[in-house]
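*Asks:* Letter by letter, the chains look like this.
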Amino acid sequence: MTALDGAWTRRWFEGVAAEVSRRKGELTALDRAIGDGDHGENLDRGFQAVLGKLDALDDAPTPGAVLKLVATTLISTVGGAAGPLYGTAFLKGAMAAGDRAELDAAALVEVLTAARDGIVARGKAEPNDKTMVDAWTPAVEAARSAGGDVRAALSAAAEAAAAGAVATEPLVAHKGRASYLGERAVGHRDPGAESTALLLRVAAETA
Amino acid sequence: MTVGLVIVSHSAKIAEGVVELAGQMAASVAIVAAGGTDDGGIGTSFDKVQAALTAAESGDGVVVLCDLGSAVLTAETAVDLVDAPERIRIADAPIVEGAVAAAVAAQGGDALDAVVAAAEDRVAQPAAPAGAGTALPAGADTARLEVELENEHGLHARPAAELVRTAAAFDAAVTVEGVDATSLLRVLALGLDRGRRITFEASGPQAAQAIEAIEALVRARFGE
Numbered sequence: 001m002t003a004l005d006g007a008w009t010r011r012w013f014e015g016v017a018a019e020v021s022r023r024k025g026e027l028t029a030l031d032r033a034i035g036d037g038d039h040g041e042n043l044d045r046g047f048q049a050v051l052g053k054l055d056a057l058d059d060a061p062t063p064g065a066v067l068k069l070v071a072t073t074l075i076s077t078v079g080g081a082a083g084p085l086y087g088t089a090f091l092k093g094a095m096a097a098g099d100r101a102e103l104d105a106a107a108l109v110e111v112l113t114a115a116r117d118g119i120v121a122r123g124k125a126e127p128n129d130k131t132m133v134d135a136w137t138p139a140v141e142a143a144r145s146a147g148g149d150v151r152a153a154l155s156a157a158a159e160a161a162a163a164g165a166v167a168t169e170p171l172v173a174h175k176g177r178a179s180y181l182g183e184r185a186v187g188h189r190d191p192g193a194e195s196t197a198l199l200l201r202v203a204a205e206t207a
Numbered sequence: 001m002t003v004g005l006v007i008v009s010h011s012a013k014i015a016e017g018v019v020e021l022a023g024q025m026a027a028s029v030a031i032v033a034a035g036g037t038d039d040g041g042i043g044t045s046f047d048k049v050q051a052a053l054t055a056a057e058s059g060d061g062v063v064v065l066c067d068l069g070s071a072v073l074t075a076e077t078a079v080d081l082v083d084a085p086e087r088i089r090i091a092d093a094p095i096v097e098g099a100v101a102a103a104v105a106a107q108g109g110d111a112l113d114a115v116v117a118a119a120e121d122r123v124a125q126p127a128a129p130a131g132a133g134t135a136l137p138a139g140a141d142t143a144r145l146e147v148e149l150e151n152e153h154g155l156h157a158r159p160a161a162e163l164v165r166t167a168a169a170f171d172a173a174v175t176v177e178g179v180d181a182t183s184l185l186r187v188l189a190l191g192l193d194r195g196r197r198i199t200f201e202a203s204g205p206q207a208a209q210a211i212e213a214i215e216a217l218v219r220a221r222f223g224e
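Protein chains in written order, with the numbering used here: chain R, 1 to 207; chain U, 1 to 224.
For the record, the hints were derived by calculation from the structure and aren't laboratory data.
Quick caveat, the model's predicted, so the values are computed rather than measured.
Glycine is no exception: its CB is placed at the ideal position from the N, C-alpha and C atoms.
There may be inaccurate statements among the hints.
[Said to hold, decoys possible] Here are the computed lysine to any residue pairs in the SDA-like style, where the Cα-Cα straight-line distance is at most 25 angstroms:
(1) U/Lys-13 <-> U/Ala-55
(2) R/Lys-68 <-> R/Leu-57
(3) R/Lys-53 <-> R/Asp-5
(4) R/Lys-53 <-> U/Asp-39
(5) R/Lys-68 <-> U/Asp-47
(6) R/Lys-124 <-> U/Ala-117
(7) R/Lys-53 <-> U/Gly-41
(8) R/Lys-68 <-> U/Lys-13
(9) R/Lys-68 <-> U/Pro-85
(10) R/Lys-53 <-> R/Lys-68
(11) R/Lys-175 <-> U/Glu-177
(12) R/Lys-124 <-> U/Ala-169
(13) R/Lys-53 <-> U/Arg-87
(14) U/Lys-13 <-> U/Ala-27
[What the hints assert, rightly or not] Chain U is nowhere near these chain R residues, computed Cβ spacing over 10 angstroms in every case:
(15) Arg-23
(16) Asp-36
(17) Asp-38
(18) Asn-42
(19) Asp-55
(20) Ser-76
(21) Thr-77
(22) Gly-83
(23) Leu-85
(24) Thr-88
(25) Arg-100
(26) Arg-122
(27) Gly-123
(28) Val-172
(29) Gly-176
(30) Gly-187
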């Protein structure tokens, strides 16, 4: 396949829902170490709600339509910071996708960039603040320099996000609940960066 | 019509408690709680915030007070998606003190910007603070009052709110013990107890009237 269509976008989020459900305990454990201990449960609630709503879409939705549905559902159901952050990301991604039926590599980079910019605007975090921005920013850069193939771009983004999540471990948090902990957050991986890595890995696997 | 308030908290109990507390001093202000998740858990609900923004809007705008981080993110996301975002302001203020100060300002008929300023404790400082040696504007007058506070519980929130409303009603810069008498948070921070002798000073065209009104208020024990 050389382009990503609505069916892929749908497959992506069905895969994310399954993977979040499987790994919610792990995400929550990361969050319990340096946050309020609900990241896995919150995301699971949000993506289970997404699963319930995907059926309401047309037979052949555009990537933008799927992203928008995911965004509004997460905003309404997650209940923690991840809701407005991922919601804003996918809403901005949906706007960047527009009504294209398929995303080529250039459009994919546009969507990922818009999503990252949405998270930065909403959360006002910068790289090295120990947040999901530390996974999104290298992912966008990797996708951009991966060349013309969407699968290569998604794989590069997924790898960079995973490395970015690992790289949050030695950081002191400057945003989010972990910022209250100061030095005590050092040595723990940021749960939002980890869930971003999960999202992008499933994106690559379903393409 | 008055500016409305929305209280966004991770806890339904906190939001309802803040509404109860702030509402005690602002009977005619719409103060709406948006606390907890849709299923009653700890967290914030976009749908609750959105509904509260609608319920609190009477046409003069809404000021939103939030507790921890994701409450702000949820509120900002909700504001982004309403029809008239310019009529909604998220105050950068502590949720309890900010809500009380905003409620008093809204009850006094302040416009949106002034209610936000009250919540954030950015109320304009007196033009000529007592003892600061600043030159008074031409034609300005000054007045002074020293009285003993007779209220049983001192100048607690309700009488302090009465003082703020009275001080704000005149074209004069009024201070109590040297702090701006139109700032509820500053007045409360003085911790003025019963039996304390306190000094009010005013400067500006209506300085005398302001001090007269405050004297009447003190004699009436602030309505208590």
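*Asks:* Each hint: holds or not?
*Replies:* Results of checking the hints against the structure:
1. The straight-line distance between the Cα atoms of U/Lys-13 and U/Ala-55 is roughly 19 angstroms, inside the 25 angstroms bound, and the hint therefore holds.
2. Taken as a hint, the R/Lys-68 and R/Leu-57 pair is honoured in the structure, with Cα atoms around 11 angstroms apart against an allowance of 25 angstroms.
3. A distance of roughly 18 angstroms separates the Cα atoms of R/Lys-53 and R/Asp-5; the hinted pair therefore holds under the 25 angstroms criterion.
4. Restraint check for R/Lys-53 and U/Asp-39: the C-alpha separation of about 19 angstroms stays at or below 25 angstroms, so the hint holds.
5. This hinted pair checks out: R/Lys-68 and U/Asp-47 have alpha carbons roughly 17 angstroms apart, not beyond 25 angstroms.
6. Proximity of R/Lys-124 to U/Ala-117 is assessed by CA-CA distance (about 23 angstroms); at most 25 angstroms being required, the pair is judged to hold.
7. Between R/Lys-53 and U/Gly-41 the CA atoms are separated by roughly 22 angstroms; this keeps the pair inside 25 angstroms, and the hint holds.
8. For the hint linking R/Lys-68 to U/Lys-13, the alpha-carbon distance of about 33 angstroms lies beyond 25 angstroms, and the restraint is violated.
9. The straight-line distance between the Cα atoms of R/Lys-68 and U/Pro-85 is roughly 21 angstroms, inside the 25 angstroms bound, and the hint therefore holds.
10. At roughly 11 angstroms between alpha-carbon atoms, R/Lys-53 and R/Lys-68 fall within 25 angstroms of each other, so this suggested pair holds.
11. With a C-alpha separation of about 39 angstroms, the suggested pairing of R/Lys-175 with U/Glu-177 is violated against the 25 angstroms cut-off.
12. For the hint pairing R/Lys-124 with U/Ala-169, the CA-to-CA distance comes to about 39 angstroms; that exceeds 25 angstroms, so the pair is violated.
13. Of the pairs offered as hints, the one joining R/Lys-53 and U/Arg-87 is violated, with about 32 angstroms between alpha carbons and a cut-off of 25 angstroms exceeded.
14. Proximity of U/Lys-13 to U/Ala-27 is assessed by CA-CA distance (about 20 angstroms); at most 25 angstroms being required, the pair is judged to hold.
15. Every CB of chain U lies more than 10 angstroms from the CB of R/Arg-23, the least distance being 20 angstroms, so the non-interface label holds.
16. Chain U draws R/Asp-36 into its interface by the beta-carbon criterion, the shortest separation being 8 angstroms against a cut-off of 10 angstroms.
17. Not every CB of chain U lies more than 10 angstroms from the CB of R/Asp-38, the least distance being 7 angstroms, so the non-interface label is violated.
18. Non-interface status of R/Asn-42 relative to chain U is broken: a Cβ of that chain comes within 10 angstroms, the nearest being about 7 angstroms off.
19. Chain U leaves R/Asp-55 outside its interface by the beta-carbon criterion, the shortest separation being 21 angstroms against a cut-off of 10 angstroms.
20. At roughly 5 angstroms, the least C-beta separation between R/Ser-76 and chain U is not larger than 10 angstroms, which violates its mark as non-interface.
21. For R/Thr-77, the condition that its CB be more than 10 angstroms from all CB atoms of chain U is violated, with the nearest at approximately 7 angstroms.
22. Residue-level check failed: R/Gly-83 sits 7 angstroms from the nearest beta carbon of chain U, not beyond 10 angstroms.
23. Some Cβ of chain U comes within 10 angstroms of the Cβ of R/Leu-85; the nearest lies about 7 angstroms off, and the non-interface call is violated.
24. The Cβ of R/Thr-88 does not lie farther than 10 angstroms from every Cβ of chain U; its closest approach is about 6 angstroms, which violates its non-interface assignment.
25. For R/Arg-100, the condition that its CB be more than 10 angstroms from all CB atoms of chain U holds, with the nearest at approximately 23 angstroms.
26. Not every beta carbon of chain U lies more than 10 angstroms from that of R/Arg-122, the smallest distance being close to 6 angstroms; the non-interface claim is violated.
27. For R/Gly-123, the non-interface assignment is contradicted: its Cβ lies about 7 angstroms from the closest Cβ of chain U, within the 10 angstroms cut-off.
28. Interface exclusion of R/Val-172 from chain U stands, the closest Cβ pair being 17 angstroms apart, more than 10 angstroms.
29. The Cβ of R/Gly-176 sits about 6 angstroms from the closest Cβ of chain U, inside the 10 angstroms cut-off, so the non-interface label is violated.
30. Non-interface status of R/Gly-187 relative to chain U is upheld: no Cβ of that chain comes within 10 angstroms, the nearest being about 22 angstroms off.
Violated hints for the displayed structure, listed by number in ascending order: 8, 11, 12, 13, 16, 17, 18, 20, 21, 22, 23, 24, 26, 27, 29.
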